[in-house]
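Sequences listed follow chains E and U, in order. Here my numbering runs 119 ahead of the position in the first sequence, where the first position is 1. Here my numbering runs 119 ahead of the position in the second sequence, where the first position is 1.
Treat the hints as calculated values from the structure; they're not laboratory data. Any given hint could turn out to be false.
Any copy, or any two copies together, can satisfy a pair, since identical chains are not distinguished.
[Said to hold, decoys possible] Cross-link-like lysine-lysine pairs, in silico, DSS-like; alpha carbons within 27 Å at most:
id	residue 1	residue 2
1	Lys-416	Lys-131
2	Lys-416	Lys-350
3	Lys-350	Lys-194
4	Lys-189	Lys-416
5	Lys-201	Lys-189
6	Lys-201	Lys-350
7	Lys-194	Lys-416
8	Lys-131	Lys-350
9	Lys-194	Lys-245
10	Lys-438	Lys-131
11	Lys-245	Lys-438
12	Lys-350	Lys-189
13	Lys-201	Lys-245
14	Lys-438	Lys-252
15	Lys-252	Lys-416
16	Lys-438	Lys-416
17	Lys-201	Lys-252
18	Lys-189	Lys-252
Protein chains: 2
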Amino acid sequence: MPELRRDPVSGKWVIIAVERAQRPEEFQPDVAARKPGACPFCRGAEAATPAEIQSIRDAAGWRVRVIPNKYPALKVEGDLDKRGEGLYDVMNGIGAHEVIIESPEHVHNLTALDDAGVSGVLWMYKQRLVDLKRDFRLVYGLVFKNVGARAGATLEHSHSQLIATPMVPVRVQDEIDRAHAYFDFRGRCLFCDIVRQELATQARIVTESANFVAFEPFAPCSPFETQVLPKRHLSHYEATDDALLRELAGLLRATLLKIDRAIGTPAYNYLIHTAPLNAAPLDHYHWHFEIIPRVTKVAGFEWGTGFFINPVPPEHAAKYLREIRLS
Amino acid sequence: MPELRRDPVSGKWVIIAVERAQRPEEFQPDVAARKPGACPFCRGAEAATPAEIQSIRDAAGWRVRVIPNKYPALKVEGDLDKRGEGLYDVMNGIGAHEVIIESPEHVHNLTALDDAGVSGVLWMYKQRLVDLKRDFRLVYGLVFKNVGARAGATLEHSHSQLIATPMVPVRVQDEIDRAHAYFDFRGRCLFCDIVRQELATQARIVTESANFVAFEPFAPCSPFETQVLPKRHLSHYEATDDALLRELAGLLRATLLKIDRAIGTPAYNYLIHTAPLNAAPLDHYHWHFEIIPRVTKVAGFEWGTGFFINPVPPEHAAKYLREIRLS
Chain E
120 MPELRRDPVS
130 GKWVIIAVER
140 AQRPEEFQPD
150 VAARKPGACP
160 FCRGAEAATP
170 AEIQSIRDAA
180 GWRVRVIPNK
190 YPALKVEGDL
200 DKRGEGLYDV
210 MNGIGAHEVI
220 IESPEHVHNL
230 TALDDAGVSG
240 VLWMYKQRLV
250 DLKRDFRLVY
260 GLVFKNVGAR
270 AGATLEHSHS
280 QLIATPMVPV
290 RVQDEIDRAH
300 AYFDFRGRCL
310 FCDIVRQELA
320 TQARIVTESA
330 NFVAFEPFAP
340 CSPFETQVLP
350 KRHLSHYEAT
360 DDALLRELAG
370 LLRATLLKID
380 RAIGTPAYNY
390 LIHTAPLNAA
400 PLDHYHWHFE
410 IIPRVTKVAG
420 FEWGTGFFIN
430 PVPPEHAAKY
440 LREIRLS
Chain U
120 MPELRRDPVS
130 GKWVIIAVER
140 AQRPEEFQPD
150 VAARKPGACP
160 FCRGAEAATP
170 AEIQSIRDAA
180 GWRVRVIPNK
190 YPALKVEGDL
200 DKRGEGLYDV
210 MNGIGAHEVI
220 IESPEHVHNL
230 TALDDAGVSG
240 VLWMYKQRLV
250 DLKRDFRLVY
260 GLVFKNVGAR
270 AGATLEHSHS
280 QLIATPMVPV
290 RVQDEIDRAH
300 AYFDFRGRCL
310 FCDIVRQELA
320 TQARIVTESA
330 NFVAFEPFAP
340 CSPFETQVLP
350 KRHLSHYEAT
360 DDALLRELAG
370 LLRATLLKID
380 RAIGTPAYNY
390 LIHTAPLNAA
400 PLDHYHWHFE
410 IIPRVTKVAG
420 FEWGTGFFIN
430 PVPPEHAAKY
440 LREIRLS
């Protein structure tokens with residue numbers, strides 16, 4: 120059973136995951152290039168993975184497939200058992216850790232799929248969040264994606280992950296608290312105001328559609344960091360209409376393609392920040408995608424301070440991305 | 120002039136450092152191995168660096184040398200000029216960015232020096248913090264060290280850096296706030312209590328001397344993360360007696376050597392968390408070193424949540440480090 124421990128100085132929770140130490144890739148600097156035949160996520164290798172949780176299927180077989188992570192950071196079985204150890208706080212590592220395999224073909228990137236394929240992946244994120252919400256021990260669900268060894272991927276077959284945790288993660292809680300303070304002070308959603316200002320100034324806009332906008336944030340931690348938000352207020356990703364998810368698929372795919380062309384298919388992470396699973400709709404929080412290309416290194420200064428140094432002004436990055444024509 | 124911008128959602132400050140984009144190494148994955156003759160930090164290449172700020176010298180020439188960073192993240196000249204840009208906050212990138220060259224020889228690591236050499240480096244950190252304190256625009260001074268390309272080093276010649284900022288960085292302020300809340304609640308310094316509990320249980324102790332202790336924190340973000348603290352309460356690193364810095368040099372060097380032997384001279388960062396330059400001595404804050412070997416990757420989950428997954432329990436790491444005999 121993994122253990123959740125809280126650092127008393129920073130307040131951060133750490134998963135001490137003894138089982139994951141068995142992963143042979145853990146201390147290797149790079150992902151070994153696998154032959155397609157050896158990939159456990161490819162069509163035909165289904166027996167190599169844990170039993171399927173959910174899938175999208177058509178006449179040709181599965182298109183998107185969800186399985187439990189074989190090396191889970193948190194486990195579903197057991198009680199939370201919150202306790203102290205002297206001045207420290209600790210609890211059992213209860214949670215869920217799922218893998219969303221995005222295609223039966225051995226593709227390396229979501230952009231290799233067409234808009235309908237991406238749409239299926241976004242729809243599956245929604246289904247999984249709705250399903251996990253029924254487990255009352257789970258308080259937060261984070262959907263994320265690692266592409267490339269430098270971004271922490273250990274398998275190259277295109278996939279996303281979902282980790283559900285028994286508390287709201289500190290970074291998300293900080294966002295919610297700041298957004299709440301803004302709402303109390305100004306009576307409007309911080310994110311709605313950001314969308315309004317970005318659309319008015321246009322300087323950091325990458326691309327937009329009727330209901331979504333992709334832009335470079337005003338103070339990005341790394342070059343070409345990009346956010347995608349719904350223009351209309353909505354706190355929970357999983358409350359998004361299916362028709363809107365189809366529209367989002369086109370915009371997200373175009374944004375990722377532009378980033379790939381701009382800086383040569385970089386390693387990247389993306390993640391969805393959404394309201395806690397068990398929260399009612401919130402006036403002050405607004406779900407969004409964060410896309411973080413991993414082109415600079417996090418060094419001692421960033422670790423020590425939480426300050427980041429970004430050599431590319433977001434206005435330059437946005438202009439560059441806007442001008443890339445996708446055929 | 121670099122710009123300091125605050126992200127309205129996370130509250131983090133980002134240095135948008137246009138000048139640094141000119142650095143050719145910025146987007147390269149690895150540090151090119153340099154021939155010793157081409158290194159600007161070696162004895163004899165002094166003309167290749169900006170003018171010296173301070174040094175330690177003996178009959179053989181300089182032993183430790185401080186210079187301004189040639190590609191500074193922040194600049195000393197100018198006014199802060201705090202202003203708004205719609206809902207965003209921005210100010211000029213005022214600050215100091217210095218490089219502490221730790222040896223005239225082309226060594227790659229602080230552990231290549233003897234205890235006296237390390238002691239000189241620790242003494243120089245103190246001198247620089249005391250000197251920068253006189254500039255009232257500067258509120259915080261972070262001393263840090265990047266070793267190896269994976270930890271963000273762009274030159275292999277052993278060196279540290281000091282960045283002084285016009286505000287307390289968010290990560291340090293969070294620590295101070297939490298430690299303050301603990302002090303208000305319990306009437307004791309959080310760090311003093313941690314030292315007391317660690318010395319009592321011994322399970323996470325790596326090594327200790329009369330006045331310092333090195334241990335693995337209860338909830339470390341990464342394997343073999345190690346902290347070094349003075350046993351007696353002190354909020355400001357630069358208030359440490361010179362005799363104690365000599366003692367610390369031996370302990371720090373032994374700790375770094377043990378980590379090198381344990382996991383094969385990993386890339387690592389270390390940094391000093393100390394009270395703000397302009398603060399009076401604080402009852403509730405306690406300076407400390409954090410040493411962070413860069414052996415795991417920060418992936419999407421860690422970025423998205425501030426949660427970390429650590430496959431090595433700190434009790435295992437500490438036992439392993441304790442049992443390493445240094446000759």
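Indicate which option fits the pair Lys-438, Lys-131 if close means a Cα-Cα distance not exceeding 27 Å: within, between, both or neither. This pair counts as between: shortest inter-copy Cα distance 24 Å, intra-copy 37 Å.
If the cutoff is 27 Å on CA atoms, where do Lys-201 and Lys-245 land: within, between, both or neither? Let me know, please. Neither way: Lys-201 and Lys-245 sit 30 Å apart in one copy and 42 Å across, limit 27 Å.
Evaluate Lys-194 and Lys-245 at a C-alpha cut-off of 27 Å and name the case that applies: within, between, both or neither. within (21 Å within a copy, 47 Å between copies)
How would you label the pair Lys-416, Lys-131 (within, between, both, or neither) given a Cα cut-off of 27 Å? both (22 Å within a copy, 17 Å between copies)
Reference check for the pair Lys-438 and Lys-252, CA-CA at most 27 Å: within, between, both, or neither? So Lys-438 and Lys-252 fail the 27 Å test inside a copy (40 Å) and across (41 Å) alike.
Cα distance capped at 27 Å. Does Lys-131 pair with Lys-350 within a copy, between copies, both, or neither? Between copies, since 24 Å is at most 27 Å while 32 Å is not.
Intra- versus inter-copy proximity for Lys-194 and Lys-350 (alpha-carbon distance at most 27 Å): neither (36 Å within a copy, 38 Å between copies)
One pair to classify: Lys-201 and Lys-189, alpha carbons no more than 27 Å apart. Within, between, both, or neither? Classified as within; 26 Å inside a copy, 50 Å across copies.
Treating 27 Å as the Cα threshold, decide for Lys-350 and Lys-189: within, between, both or neither. neither (37 Å within a copy, 43 Å between copies)
Within, between, both or neither: how does the pair Lys-201, Lys-350 come out at a Cα-Cα threshold of 27 Å? neither (40 Å within a copy, 30 Å between copies)
Can you give me the call for Lys-194 and Lys-416, within, between, both or neither, at a CA distance of at most 27 Å? between (31 Å within a copy, 21 Å between copies)
Can you give me the call for Lys-189 and Lys-416, within, between, both or neither, at a CA distance of at most 27 Å? between (29 Å within a copy, 19 Å between copies)
Hints 2, 3, 6, 11, 12, 13, 14 and 15 from the earlier list are contradicted by this structure; the remaining hints agree with it.
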